[in-house]
Amino acid sequence: MLYLDITGYGARKRRCESVLVWFLSKYLPRHHITIEVLHRGLRREQAYGYCSVTGVTHSPRQFLIEIDPKLDLELYTKTLIHELVHLRQWVRGLLKERRGKMYYKIKLLRTWTIGNILMKLKLTILKMSIMLIT
Numbered sequence: 122m123l124y125l126d127i128t129g130y131g132a133r134k135r136r137c138e139s140v141l142v143w144f145l146s147k148y149l150p151r152h153h154i155t156i157e158v159l160h161r162g163l164r165r166e167q168a169y170g171y172c173s174v175t176g177v178t179h180s181p182r183q184f185l186i187e188i189d190p191k192l193d194l195e196l197y198t199k200t201l202i203h204e205l206v207h208l209r210q211w212v213r214g215l216l217k218e219r220r221g222k223m224y225y226k227i228k229l230l231r232t233w234t235i236g237n238i239l240m241k242l243k244l245t246i247l248k249m250s251i252m253l254i255t
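Plus 121 on top of the position in the sequence shown (first one is 1) and you've got the numbering used here.
Be a bit skeptical, because a hint or two may be false.
As the list claims (entries may be wrong) - Only pairs whose alpha carbons sit at most 30 Å apart, straight line, appear in this in silico DSBU-like list of lysine-lysine:
1) Lys217 to Lys147
2) Lys147 to Lys134
3) Lys147 to Lys226
4) Lys222 to Lys134
5) Lys191 to Lys147
As the list claims (entries may be wrong) - Simulated restraints on C-beta separations:
6) Arg136 to Gly162: 34 to 44 Å
7) Leu194 to Gly221: 28 to 38 Å
8) Arg220 to Leu194: 21 to 31 Å
9) Arg219 to Arg151: 24 to 34 Å
10) Tyr224 to Arg135: 27 to 37 Å
11) Tyr148 to Thr175: 15 to 25 Å
12) Tyr130 to Glu195: 32 to 42 Å
13) Arg161 to Arg182: 20 to 30 Å
14) Leu196 to Glu157: 14 to 24 Å
15) His153 to Leu215: 12 to 22 Å
Everything labelled a hint here was simulated from the structure, so no lab data went into it.
Cβ coordinates follow ideal geometry from the N, Cα and C atoms, glycine included.
Using the sequences plus the hints, can you model the full thing?
Shown next, in the form of structure tokens:
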């Protein structure tokens, strides 16, 4: 079951909802998840989007995805899928937070390792976005 709230100025509600429903039905079909998607300007933060846990972190099911609404349609879709990959990592227990530090597969994340992990996920994200666009 999915609880979805799409807010913010310039929100692409139809695109956002269709991507969320597609991703969650394909990759997390049996989970009860609450997602708030907040559209807000992120250029000052030099980011396209964020995914964060809003509920408990030991078994997270409530999430906030922040995304810049001024992105072009293709980049918007890729960024949303990218943040949904992080959501999936949280739900499956691959990404965790303990005492204010982030861990991926039990390894402490440092700045350089976050980049390495994201590079490994790049192929997966590109494959998913190509499937969605076609």
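Each hint, compared with the structure:
Simply put, Lys217 and Lys147 have alpha-carbon atoms about 23 Å apart, close enough for the 30 Å limit, and the pair holds. Distance hint between Lys147 and Lys134 is fulfilled; the C-alpha atoms sit about 20 Å from each other, no more than 30 Å. For the proposed pair Lys147 and Lys226, the alpha carbon gap of about 22 Å is at most 30 Å, so the pair holds. Pair hint Lys222 plus Lys134 does not hold up; C-alpha atoms about 33 Å apart against a cutoff of 30 Å.
Between Lys191 and Lys147 the alpha-carbon distance is near 27 Å, which keeps this suggested pair within the 30 Å criterion. Roughly 18 Å separates the CB atoms of Arg136 and Gly162, a value that falls outside the hinted 34 to 44 Å. Evaluation of the 28 to 38 Å hint for Leu194 and Gly221 yields a pass: the beta carbon distance comes to about 36 Å. Taken as a hint, the range 21 to 31 Å is violated for the pair Arg220 and Leu194, whose Cβ atoms sit roughly 40 Å apart.
Between Arg219 and Arg151 the beta carbon distance is about 26 Å. The supplied range of 24 to 34 Å therefore holds. About 36 Å separates the C-beta atoms of Tyr224 and Arg135, a value consistent with the hinted range of 27 to 37 Å. For the pair Tyr148 and Thr175, the beta carbons lie near 20 Å from each other, so the given range of 15 to 25 Å is met. Evaluation of the 32 to 42 Å hint for Tyr130 and Glu195 yields a failure: the beta carbon distance comes to about 21 Å.
Taken as a hint, the range 20 to 30 Å holds for the pair Arg161 and Arg182, whose Cβ atoms sit roughly 23 Å apart. As the Cβ distance of Leu196 to Glu157 is approximately 21 Å, the hint placing it in 14 to 24 Å holds. His153 and Leu215 have their C-beta atoms about 19 Å apart, which keeps the hinted 12 to 22 Å range intact.
Of the numbered hints stated above, those contradicted by the structure are hints 4, 6, 8 and 12, listed in ascending order.
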